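In the order they appear, the protein sequences are chains A and B.
Per my numbering, the very first residue in the first sequence carries number 4; after that it's consecutive.
Per my numbering, the very first residue in the second sequence carries number 4; after that it's consecutive.
There could be a bad hint or two in this list.
Identical copies go unnamed one by one, so any copy, or any two together, can satisfy a pair.
Stated by the list, open to error - Computed cross-link-like contacts, DSS-like style, restricted to lysine-lysine with a CA-CA straight-line distance of at most 25 angstroms:
| hint | residue 1 | residue 2 |
| --- | --- | --- |
| 1 | 294 | 135 |
| 2 | 392 | 174 |
| 3 | 59 | 302 |
| 4 | 146 | 135 |
| 5 | 392 | 75 |
| 6 | 59 | 75 |
| 7 | 346 | 59 |
| 8 | 392 | 59 |
| 9 | 346 | 71 |
| 10 | 75 | 106 |
| 11 | 224 | 268 |
| 12 | 71 | 18 |
| 13 | 392 | 358 |
| 14 | 294 | 358 |
No wet-lab data here; the hints were simulated from the structure.
None of these values were measured; they are calculated from a predicted model.
In case you want the letters, here they are:
2 protein chains.
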Amino acid sequence: MALLVSPLAPASFPKLPAIKGVRIASHAAGIRYQGRSDVFLAELAPSTTVGGVFTKSLTAGAPVEYCKAHLKRGHARVLVVNSGNSNTFTGRKGTSVVAATVKAAAKAFGCEPHEVFVSSTGVIGELPPIDKVLAAIPDAQAKLSEDAWMEAAEAIMTTDTFPKIATRTAKIDGVAVRLNGICKGSGMIAPDMATMLAYVFTDALLSTPVVQALLAMGVNKSLNCVTIDGDTSTSDTALMFATGQSSHRLVSSTSDPRLRDFAEKLDDLLIDLSKQLAKDGEGASKFVEIKLKGATNDKAARNIAMSIANSPLVKTAIAGEDANWGRIVMAVGKAGERANRDKLSIAIGGVVITKNGEPVENYDETPVLTHMKGREILIEVDVGIALGKATVWTCDLTHGYIDINGSYRT
Amino acid sequence: MALLVSPLAPASFPKLPAIKGVRIASHAAGIRYQGRSDVFLAELAPSTTVGGVFTKSLTAGAPVEYCKAHLKRGHARVLVVNSGNSNTFTGRKGTSVVAATVKAAAKAFGCEPHEVFVSSTGVIGELPPIDKVLAAIPDAQAKLSEDAWMEAAEAIMTTDTFPKIATRTAKIDGVAVRLNGICKGSGMIAPDMATMLAYVFTDALLSTPVVQALLAMGVNKSLNCVTIDGDTSTSDTALMFATGQSSHRLVSSTSDPRLRDFAEKLDDLLIDLSKQLAKDGEGASKFVEIKLKGATNDKAARNIAMSIANSPLVKTAIAGEDANWGRIVMAVGKAGERANRDKLSIAIGGVVITKNGEPVENYDETPVLTHMKGREILIEVDVGIALGKATVWTCDLTHGYIDINGSYRT
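Just chain A, with the same shape it has in the complex (with noise of 0.2 angstroms):
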């Protein structure tokens, strides 16, 4: 089944740039897809730290599980992705199939097992084929390069119907440090072709606790609280590699005054790969955005903004362009956190349509319909309970998803 480009694609790409420590290849190994390509490889500085952050699916995939176990280290030096074949589900065999990359990788790159990570992304149950994916590894090596970020952000896809990319600058000391980050999606959703992952790499110089925790943080910001349709992928996997190469003394305090910047950038480029991820939901031709306030903390207001992001009410109404406020009052109160009915206020697009538990005197629709119209949704609520905020992103539920979803193994 040929998927159409979303409509909420950009319209131009940035151009990433290098980054010192890091060089990359994209391959078409034929592990499921034809006349694409399916493995990204990275190389890293012997220098380079890591951290991760991983799905809490309990049916966690191998690659995901591996990648865990080698984090411990803190150091990293090759990346090996591939797409079409998720080496989920699949057993004992399935792990001796990552066990088997990870020798080869390390064997080519001259490191440790515990440097190599792994990811895959695709159809769950199937063995990959395992001879395809080690005869990548040499085949990819031959093509490293510092520049093929956009072709690895292809290499990486599955439903996706647009590579999503991303680069910031950020100083550290006064030197300028990069940050690329490339992800795939399409959410937290269709483990059967989707699953997210996301890679950052930066020439900065950080102890590896610092990395875990920046990338923990920032994570929480942005790619948890993007949702397609609520459902959790079995390999999501967010990493990010700080190769060292850069002139700026080492970081290794996330209280360090000098990582202010840094950090503002790293979740400013989470943030941007988030809302693409969101942009590229199944079916979508809706973007959303909910911000929330007046919960109980952060963490309350970010499950009630999920549960209007999730709710296929609201949805599917502003797939119909419809106005629906009565459906955002029942996910606000399925959310199971505390809100007052009596406080509730809702705004779409800017547009106060209920103030104080009932909707506000002489409420007219006409510009809120206007807005529904667009292709970007921006829906406020505050709950009036306290001082938690956050922000959401996700897509409207369409035919598209159910033509996606309901026949795409077949």
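Since the structure of chain A is provided, determine the placement of chain B on it from the hints.
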């Protein structure tokens, strides 16, 4: 928008018997719909005890709040239900509509206000036309009879495509007692035009605590195990009325062995109604039963089963007749309950597909695909931890759901 009758609707409906101490009527009050009844009134004998279970939504409507308050007194004389307007999120004005309805019904039937129970289902955020609601009480009162059960089930319908009724006979002390149930859906669902309402009437002589306990236990295994889209209405209500007009001796303890047959028949009746709800889920083309075992405890089992039942990916795969067990693995993993990935086994239509964490050898998909083409889909999952089990019911997610919910209000 005219809704076609669900392809899963029953071929015929049972004839519900009279219940001593219950007189019922339906009436076309013109609250929102034209050309159909929209008010259901029940008069209950002075001896009637009552139990209730309500939505957990924190934005519940005024009728739910009234029922909860009245329930504490434990006796009922009148039930007034309207469809077309849920009187939810209507602020203080909405509360005064309920108060006026209760007052008028208490006056008309010569009882106390706390003996009046009310439910409303329909659009959120619009004030019900109080004149029409009040006028409906004497009009319906004039039509009270013992056998208008089918008409009552029709009067409370919103997006339902068929009325939902069930009846059972149980024995207490060797005396036959009746149980009649009516409900409407289509699930936990569409608060715009739907909500789950269920009413059970019996002539059994039961103390208020017994009625409450039996209903709560029964609902936990039935109505709380149905899901259409995971959304929770602001008005969900289940009430059981026991008129005490049967000739057996009072049952005032839930541990009384004389209750055994009654409790069994009540559970059975509630499960019957629950399956009808799933079969009338918005856009449903297939009924799905999910039997989960091997969880830490029954609650964990229900959570995992619900995670499968609410997964848009599982539901769209079923709509597409795709035996996509990988999505079931995903849904088990995201439930957040303990599951042993390496012991997980999944069967569809009685055919074991995975065992001990991987696909069974020489798995033949043919009989499973035949099963997927049927109207009733059975999914059995063993998560391999302990003895917790649960059964839940749902339907598939089709283009019909998007049609209904993407364009309902307009």
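Hints, verified against the model:
Taking the closest pair of Cα atoms, residue 294 and residue 135 never come within 25 angstroms of each other, the shortest separation being 46 angstroms inside a single copy and 39 angstroms across copies. Neither within a single protomer nor between protomers do residue 392 and residue 174 lie at most 25 angstroms apart by alpha-carbon distance, with minima of 29 angstroms and 56 angstroms respectively. Taking identical chains as interchangeable, the C-alpha atoms of residue 59 and residue 302 lie at most 25 angstroms apart whether they share a chain (16 angstroms) or sit on different chains (20 angstroms). Proximity of residue 146 to residue 135 under the C-alpha cut-off of 25 angstroms is restricted to the intra-copy arrangement: shortest distance 17 angstroms within a copy versus 77 angstroms between copies.
For the identical chains of this complex, residue 392 and residue 75 are neighbours neither inside a copy (33 angstroms) nor across copies (37 angstroms), given an alpha-carbon limit of 25 angstroms. Only within a single protomer do residue 59 and residue 75 lie at most 25 angstroms apart by alpha-carbon distance; the minimum there is 17 angstroms, versus 42 angstroms between protomers. Only between protomers do residue 346 and residue 59 lie at most 25 angstroms apart by alpha-carbon distance; the minimum there is 19 angstroms, versus 34 angstroms within a single protomer. Taking identical chains as interchangeable, the C-alpha atoms of residue 392 and residue 59 lie at most 25 angstroms apart whether they share a chain (23 angstroms) or sit on different chains (23 angstroms).
Taking the shortest Cα distances, residue 346 and residue 71 sit within 25 angstroms of each other only across copies (22 angstroms), while inside one copy they are farther apart (44 angstroms). In this homomeric assembly, residue 75 and residue 106 come within 25 angstroms of each other (Cα to Cα) only inside a single copy, at 18 angstroms, whereas the closest approach across copies is 68 angstroms. Proximity of residue 224 to residue 268 under the C-alpha cut-off of 25 angstroms is restricted to the intra-copy arrangement: shortest distance 13 angstroms within a copy versus 51 angstroms between copies. Taking CA atoms no more than 25 angstroms apart as the test, residue 71 paired with residue 18 passes in neither setting, with 31 angstroms inside one copy and 61 angstroms between copies.
Only within a single protomer do residue 392 and residue 358 lie at most 25 angstroms apart by alpha-carbon distance; the minimum there is 18 angstroms, versus 44 angstroms between protomers. Taking the closest pair of Cα atoms, residue 294 and residue 358 come within 25 angstroms of each other only inside a single copy of the chain (16 angstroms); across copies the shortest separation is 44 angstroms, beyond that limit.
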